[in-house]
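Build the full structure now, drawing on both the sequences and the hints.
There are 2 protein chains.
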Amino acid sequence: MALRARGLYDFNSENPGEISLKEHEIVSLCSEKDIDGWLEGTNSRGERGLFPASYIEILRNDNVSSSFNNNSSRYPSGGSETSNPPPPSFAPYPALPQTHPGTPASDDDWDDEWDDHSSVTDEPGGGGHYTNYEGNGPSTYSISTASMPRGAQHAKSSATVSRNLNRFSTFVKSGGEAFVLGEASGFVKDGDKIFVVMGQYGPEWQENPYPFSCTIDDPTKQTKFKGMKSYISYKLTPTHTQNQANRRYKHFDWLYARLVEKFPVISVPHIPEKQATGRFEEDFISKRRRGLIWWMNHMTSHPVLARCDVFQHFLTCPSTDEKLWKQGKRKAEKDEMVGANFFLTISTPAAPLDLQDVESKIDGFKTFSRKMDDSVVQVNATLSEFARKQIAGFKKEYQRVGQSFKYLSQAFDLDQQSFSAGLNHAIAYTGEAYETIGDYFAEQPKQDVDLVMDLLALYQGHLANYPDIIHVQKGALTKVKDSKKHIEEGKMESQQADGVRERCNIISFATMAEIQHFHQIRVRDFKGQMQHFLQQQISFFQKITGKLEEALQKYDT
Amino acid sequence: MALRARGLYDFNSENPGEISLKEHEIVSLCSEKDIDGWLEGTNSRGERGLFPASYIEILRNDNVSSSFNNNSSRYPSGGSETSNPPPPSFAPYPALPQTHPGTPASDDDWDDEWDDHSSVTDEPGGGGHYTNYEGNGPSTYSISTASMPRGAQHAKSSATVSRNLNRFSTFVKSGGEAFVLGEASGFVKDGDKIFVVMGQYGPEWQENPYPFSCTIDDPTKQTKFKGMKSYISYKLTPTHTQNQANRRYKHFDWLYARLVEKFPVISVPHIPEKQATGRFEEDFISKRRRGLIWWMNHMTSHPVLARCDVFQHFLTCPSTDEKLWKQGKRKAEKDEMVGANFFLTISTPAAPLDLQDVESKIDGFKTFSRKMDDSVVQVNATLSEFARKQIAGFKKEYQRVGQSFKYLSQAFDLDQQSFSAGLNHAIAYTGEAYETIGDYFAEQPKQDVDLVMDLLALYQGHLANYPDIIHVQKGALTKVKDSKKHIEEGKMESQQADGVRERCNIISFATMAEIQHFHQIRVRDFKGQMQHFLQQQISFFQKITGKLEEALQKYDT
Chain U
127 MALRARGLYD FNSENPGEIS LKEHEIVSLC SEKDIDGWLE GTNSRGERGL
177 FPASYIEILR NDNVSSSFNN NSSRYPSGGS ETSNPPPPSF APYPALPQTH
227 PGTPASDDDW DDEWDDHSSV TDEPGGGGHY TNYEGNGPST YSISTASMPR
277 GAQHAKSSAT VSRNLNRFST FVKSGGEAFV LGEASGFVKD GDKIFVVMGQ
327 YGPEWQENPY PFSCTIDDPT KQTKFKGMKS YISYKLTPTH TQNQANRRYK
377 HFDWLYARLV EKFPVISVPH IPEKQATGRF EEDFISKRRR GLIWWMNHMT
427 SHPVLARCDV FQHFLTCPST DEKLWKQGKR KAEKDEMVGA NFFLTISTPA
477 APLDLQDVES KIDGFKTFSR KMDDSVVQVN ATLSEFARKQ IAGFKKEYQR
527 VGQSFKYLSQ AFDLDQQSFS AGLNHAIAYT GEAYETIGDY FAEQPKQDVD
577 LVMDLLALYQ GHLANYPDII HVQKGALTKV KDSKKHIEEG KMESQQADGV
627 RERCNIISFA TMAEIQHFHQ IRVRDFKGQM QHFLQQQISF FQKITGKLEE
677 ALQKYDT
Chain X
127 MALRARGLYD FNSENPGEIS LKEHEIVSLC SEKDIDGWLE GTNSRGERGL
177 FPASYIEILR NDNVSSSFNN NSSRYPSGGS ETSNPPPPSF APYPALPQTH
227 PGTPASDDDW DDEWDDHSSV TDEPGGGGHY TNYEGNGPST YSISTASMPR
277 GAQHAKSSAT VSRNLNRFST FVKSGGEAFV LGEASGFVKD GDKIFVVMGQ
327 YGPEWQENPY PFSCTIDDPT KQTKFKGMKS YISYKLTPTH TQNQANRRYK
377 HFDWLYARLV EKFPVISVPH IPEKQATGRF EEDFISKRRR GLIWWMNHMT
427 SHPVLARCDV FQHFLTCPST DEKLWKQGKR KAEKDEMVGA NFFLTISTPA
477 APLDLQDVES KIDGFKTFSR KMDDSVVQVN ATLSEFARKQ IAGFKKEYQR
527 VGQSFKYLSQ AFDLDQQSFS AGLNHAIAYT GEAYETIGDY FAEQPKQDVD
577 LVMDLLALYQ GHLANYPDII HVQKGALTKV KDSKKHIEEG KMESQQADGV
627 RERCNIISFA TMAEIQHFHQ IRVRDFKGQM QHFLQQQISF FQKITGKLEE
677 ALQKYDT
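Top line first, the protein sequences correspond to chains U and X. If you read the first sequence in the working numbering, its first letter stands for residue 127, the second for the next number, and so on. If you read the second sequence in the working numbering, its first letter stands for residue 127, the second for the next number, and so on.
FYI, nobody ran anything at the bench for these hints, they're computed from the structure. Be careful, since some hints might not be right.
What the hints assert, rightly or not - Each computed DSBU-like pair below joins lysine-lysine, with the alpha-carbon atoms no more than 35 Å apart: (1) U:449 <-> U:347; (2) X:492 <-> U:522; (3) U:376 <-> U:159; (4) X:457 <-> X:159; (5) X:522 <-> U:492; (6) U:673 <-> X:497; (7) U:497 <-> U:572; (8) U:572 <-> X:522; (9) U:532 <-> X:521; (10) X:532 <-> U:492; (11) X:669 <-> U:532; (12) X:532 <-> U:673; (13) U:532 <-> X:487; (14) X:376 <-> X:319; (15) U:522 <-> X:680; (16) U:522 <-> X:400.
Just so you know, these numbers come straight off a predicted model, no measurement behind them.
Shown next, in the form of structure tokens:
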């Protein structure tokens, strides 16, 4: 029997695939399961398509109405009770790659997650991360020249009315708009408070007073259901508890989705890309582990992310305590202080920021991040090709030189006179040395280039996050400008405009702090990685020199 | 008026382009100038073609007959007055590349020689040397896989009669056959005597009691005829006289032709190849000078070549004394102790060699030299490609890495915060370091690979000489075997056979001594050059390491 529902508000379709609904209109539903807040059904005019789950109530046999708005925590009906609820902001299409698909997984389908299957198809709308960086191991370096897709860059904020009609705008879906308009509300516990302070270079996140790090070791293949399903388990050891916990990729994936949902202007590091095949191959496991280590490093380095409950639960919950894990999981999924409400938790210095100055700095960062993204893409492509050349061409050249020397020594060996023997041996040794040098070239990228590329992949993720972050701040700024106009036109009370301005100040403080944090870890990470790269390159050339010196000595005997 | 001549003996054409003549037959000549002992004319049957100049006498107005056999010194009618003179052994076609075109240049056309023209076409039959090694400088390395052409390898010695009918056989044209058959005769002055002694490893040339070397410096462009003609002059300074002499490539070329004519079983080092274009370009001059230095080194290292009159004349005659030069030149061109007569100058130890043992050793050397030639060709091709890769591909890769680092530092420069500046500078420096390393790669082949290839080119020349040298000894050995058979059949006196055997012993001593000399300079040369190559490669990689260490230090400031 087809499930029916009744329209609660008028909904006008604005995009292909959507259908319009009227208040009280009866629609038949294809399924009562929503996809990111959208339902599919047929309206009274026979049109089939999508509409927001929050705009209807399901008509059950017992006539109990039920709202599907599982995003209620993100769009609390704070200040504007009378207006329609905003439609869900995560569009089912086109998939916006900058937002990780955050379908709250129930405990029951936990084991059906992607990572358990030996061969899978891509999740719809997922897997958009790291697309430029295929993790097929060092033997198949690919060249990427295209930048990350940036759905959000194309979203234009409409500033002519108070509410942004573009429901796909990051400003809307992040909760930024709702917060600025004073629609967010919630009880902020002391422990949840996040402080922005004035540092040497401007606003910054208050340092984590209890800094820690976390190692990721021993990727181990595990099986369950009598070997039917296999997965890799990683051993996590946080320094602040020293208790080990075993976590799988799907746990990281779940955590990532929670973080993206919760923190609108924080650049959550992307987790390493999903991969359909070869997941149990050594190169892939090693590469994923390196990616997870970088990810963990960015998580523990971030004053806000490092301390948040869901991350702490992930780090500290014993892997043997299934019950405790599920409790924490449910709690995280029901967290109310996400999206718009996250901004409520931010405490800023008393003196407000000069918004004009903020705007100029944000514009500067936008230019910076674009150029950095371009250069990261270029360095990535160059190093990828450099690695490929070392593994193939350079190796081949040195090996050919080695082989030809060996061939020469074989010819010389035909002269059996004693005064010739020493030379023959030395040339043969030289040949072997050059073959070995060929191998050195082929093995080297694993020691240096690959690690730089891991870092670049992580930063490509961050740089893909920033357009959204900037967009939220820009949206808030636009609202301040609008409110000034509204006051001039007598459409708004100055008290209301002050509120908009205060809340924009909070978003600006958070954005500036996040940008400052980005610069600091960027300098730290690139300095460290460039040093490591050069150290490895120096060792490499020294190793070659050593081999050649060995060969040279053979001519003296 | 057509010049006429009368046949002195019957001549039966055996090759395309030749015509047959009868004794007393009248032929008309196209020119009275012979080409390597051959004349062109028309016989009484109207056939036009070539015949040996020594088979006819020219009919002049004054009826004085004149023999054109300017090779009379090579083919003196010593022991067998009644038999026809052998036809000239250097065929005008096909050009045998192992014999340098040895047309005795008159003093008059001295200045019209190849090297004086700014752009020239190849001399017919000339320029067959070094064909595998194009001297277009390091920017145009070519790959050579084909071996040197070896006309002599295809010549088969016919051993069924006493005289070899194959007039293209090296055995015949070297004078080896004439000598073995006792047809060589001449007065050997004490100073011309060449001694083979028994050394540690068998027969060897008696060491030069007055060893010397000779430097080749200051290649200088000279002009004459009011700038109409240009050439490069090299300053030669032999250590035993310390008197400088200026010599041109054409002087080397003339000397080379004299040496090849004079010494049948000595491997005369090939002079660097001729080149039609770019003769005044720096790379070419530098390469030719290196080739001449190697050549000189082999000349002065050889106990027989180093001491011979024509070489001494070349080294010591003051370049200002035109008259003295011409005297020595004419004397060398009239030298009677060349070819067959050269063998008369050789003194051997009293105890004759075991010819079976010699045969086995010569066969061993033949196998050796073939395999060495193969491997020299392979090393040459590999190193040529290796150099090309370093100049193009390797350079490009390192420069691209450098450029991408520089691009990254430019992006980072957009963040003007002070804590970022040091890193930006260090990354920019790293970028420059990688660009410099790219240049190092491109410049390196000149320091090492090119020099090994110079050596290989010289040895390719030697290895192209050896089939002829082996062929002469094999021919002599065959004559000994034939004479044994002839004695059994009662066709030969044992005294005559003893003579053949004694003369074969002399040729064998000389050949064995030459082979021994080859092995000794080979070991010396390859040892030295491999050491130099490795030392240069070590310096190269140390230079790279140094550059990278400089870059690494920038991250500490």
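Status of the hints after comparison with the structure:
1. U:449 <-> U:347: holds (24 Å)
2. X:492 <-> U:522: holds (32 Å)
3. U:376 <-> U:159: Given that 35 Å is the threshold and the Cα spacing comes to 22 Å, the pair holds.
4. X:457 <-> X:159: The given pair, whose Cα atoms are some 21 Å apart, holds under the 35 Å limit.
5. X:522 <-> U:492: Since the Cα atoms of residue 522 of chain X and residue 492 of chain U sit roughly 32 Å apart, the hinted pair holds (cutoff 35 Å).
6. U:673 <-> X:497: holds (28 Å)
7. U:497 <-> U:572: Answer holds: residue 497 of chain U to residue 572 of chain U is near 27 Å, not above 35 Å.
8. U:572 <-> X:522: holds (21 Å)
9. U:532 <-> X:521: Between residue 532 of chain U and residue 521 of chain X the Cα gap is close to 27 Å, so the pair holds against 35 Å.
10. X:532 <-> U:492: holds (20 Å)
11. X:669 <-> U:532: Status holds; Cα separation ~27 Å.
12. X:532 <-> U:673: The hint holds at about 32 Å.
13. U:532 <-> X:487: holds (24 Å)
14. X:376 <-> X:319: Within the cut-off at roughly 29 Å; holds.
15. U:522 <-> X:680: Between residue 522 of chain U and residue 680 of chain X the Cα gap is close to 33 Å, so the pair holds against 35 Å.
16. U:522 <-> X:400: holds (34 Å)
In summary, the structure agrees with every hint in the numbered list given earlier.
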